[in-house]
Amino acid sequence: MALASKVERRVEDEVLLLSRSFDAPPALVFRLWAEPEHRVRWWGPSGMGPTRCEVDFRVGGVWRVTMARADGFEHPVHGVFTEIDEPRRLCFTYINDFDGLRMLVEMDFEAEGEGTRMHFRQAPFLSVGERDGHGYGWTSTLSILASYVCKVRDAGGVVVGQPRQPGDY
Amino acid sequence: MQADPLTATFAALADPTRRAILERLSTGEATVLELAEPFAISLPAISRHLKVLEKAGLISRGRDAQWRPCRIETAALEQLDGWVGAYRRLWQGKFDRMDAYLAQIQKGKPNGPRQ
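Chains A and B supply the protein sequences, listed in that same order. Here the working numbering is used: the first residue of the first sequence is 1, the next is one more, and so on. Here the working numbering is used: the first residue of the second sequence is 1001, the next is one more, and so on.
Please keep in mind that the hints were generated in silico from the structure rather than gathered at the bench. Treat the hints with care, since some could be wrong.
[To be verified] Okay, the calculated bits of chain A under chain B, using three or more residues with CB under 8 angstroms as the criterion:
#1 40 to 53
#2 91 to 103
#3 109 to 123
[What the hints assert, rightly or not] Derived, one-sided and incomplete: chain B residues facing chain A with beta-carbon distance under 7 angstroms:
#4 Ala1014
#5 Thr1017
#6 Ile1041
#7 Ser1042
#8 Pro1044
#9 Ala1045
#10 Arg1048
#11 Lys1051
A virtual CB, placed ideally from N, CA and C, is assigned to each residue, including glycine.
Modelling step: build the complete structure from the supplied sequences, incorporating the hints.
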């Protein structure tokens, strides 16, 4: 048998880091995570829409989102808010319902000119494959959020458009 | 989503870190801290791996003890062995044929027909 010490895995393999800019101030971008009426209008990823979205926006509060494809496939996730420092920092646990395994998402929002730079960290992943799959999903979702941010900004901060539907791109 | 036991076992073993954890536990109980020690990964990551192993029934964890020591559970491995056992005749058959051939060679008939 191979020795346990020979298993080479690096801490960075288990961490997903993303950075994203948004064309609106942190105060606005932050609210779009807090309010489910906003969330259902940007939570993806591309090809999926939320069939369930609940947000109890307080430390210790539970959030639940079910992402669904047009063919009926559903991917439910949930978590608990662990840190809310509006509009600077937002942290929550992230649990795939199918395996119940807990990860932590940490987001920091910084003013960047007229806009926002958001630093995103999720860990720990069990494999590079799992991490990269989530990386693809979040990148897609954050792109949808980035365009929704502009719509809300132009509308003066109110909810805009219709909730995303399963299969929406 | 509930996978059948064999699928859960194979999925749990399809990761080198989890196989190494199991290998360590084959020598005796260990705490999460002790299990994490040889790996360059975080404690939360080790905990996630342990949950996968626990769900697959490959390990159990102490309920009362403060450090919840982990121990290996062999039932799932025995089931795996049973699954492999169904295929064992395939290579055992090869050994049987080799035995027959070796017997022929010893009788001085190396080119004789194979059994």
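Checking against the hints above, which ones are violated? 1, 3, 4
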